[in-house]
Structure formats: C-alpha cells, structure tokens
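K.L.:
Heads up: the sequence shown runs through residues 1 to 76, numbered per the numbering used here.
Treat the hints with caution; some may be incorrect.
What the hints assert, rightly or not - Within a straight-line C-alpha distance of at most 20 angstroms, the following computed EDC-like cross-link-like pairs (lysine to aspartate or glutamate) qualify:
1) K14 with E69
2) K56 with E19
3) K36 with D4
4) K23 with D4
5) K56 with D4
6) K36 with E19
7) K11 with E30
8) K14 with D4
9) K23 with E53
10) K56 with D37
11) K14 with D67
12) K11 with E69
13) K36 with D52
Unchecked claim - Pair by pair, the computed Cβ-Cβ distance ranges are:
14) M70 with G48: 11 to 21 angstroms
15) S27 with M70: 11 to 21 angstroms
16) S60 with D4: 16 to 26 angstroms
17) A7 with S27: 17 to 27 angstroms
18) R18 with D67: 10 to 20 angstroms
19) D37 with A64: 16 to 26 angstroms
20) E19 with E53: 17 to 27 angstroms
21) G41 with E19: 27 to 37 angstroms
22) E69 with A33: 18 to 28 angstroms
23) D63 with R18: 23 to 33 angstroms
24) N9 with T31: 32 to 42 angstroms
25) A16 with D37: 27 to 37 angstroms
Source of the hints: derived by calculation from the structure; they are not laboratory data. Every value quoted in this text rests on a predicted model; they were computed, and no experiment measured them. Heads up, the beta-carbon is just placed ideally off N, CA and C, and yes, glycines get one too.
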Amino acid sequence: MNWDRIAGNWKQVKGAAREQWGKLTDSDWETVAGQKDQLVGKIQERYGITRDEAQKQADSWADAQRDAEMHSSTRL
C-alpha cells in the first residue's frame, strides 16, 4: 500500500499501526495522522533507533498492509 492510500485510509489502518508501534502515545498518533515522515520521526523518537531503521520499519509495515489488502480482495 502506498502512503497516499495509507493517508486516505488512515482511520482504517491506524489500528494496525498502533499494534505495530505500541510505544507511541495518543498525542503521537494525532500528530502522525497518516503522514509517513511524522510516523518515521515518532518511531525514531519513541524507540531510540536511527531514522534509517525507522524508515525501514515504516516501509515494511506499509508493504504488509498492501499484502493484506491484496489478499483480502482476492477472497471476494
């Protein structure tokens, strides 16, 4: 799933993101609001990892969302 789709479907995918990054606060999630750069920054801040690693995590999560979306649409 690309980030434009994530931003557009943020209310639907936010729960999966919360499960992935449980250390982020409610305030963090309000700031993120589907924006990749904001999510990467909050992951970096809360988990004490490099921006590069946070970017990799966000990309991997987005890929998993895309795969899940494709899998569920093929069941119809």
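K.L.:
State the violated hints by number, sorted upward, taking the hints as numbered earlier in the document.
P.N.:
4, 14, 15, 21, 23, 24 and 25
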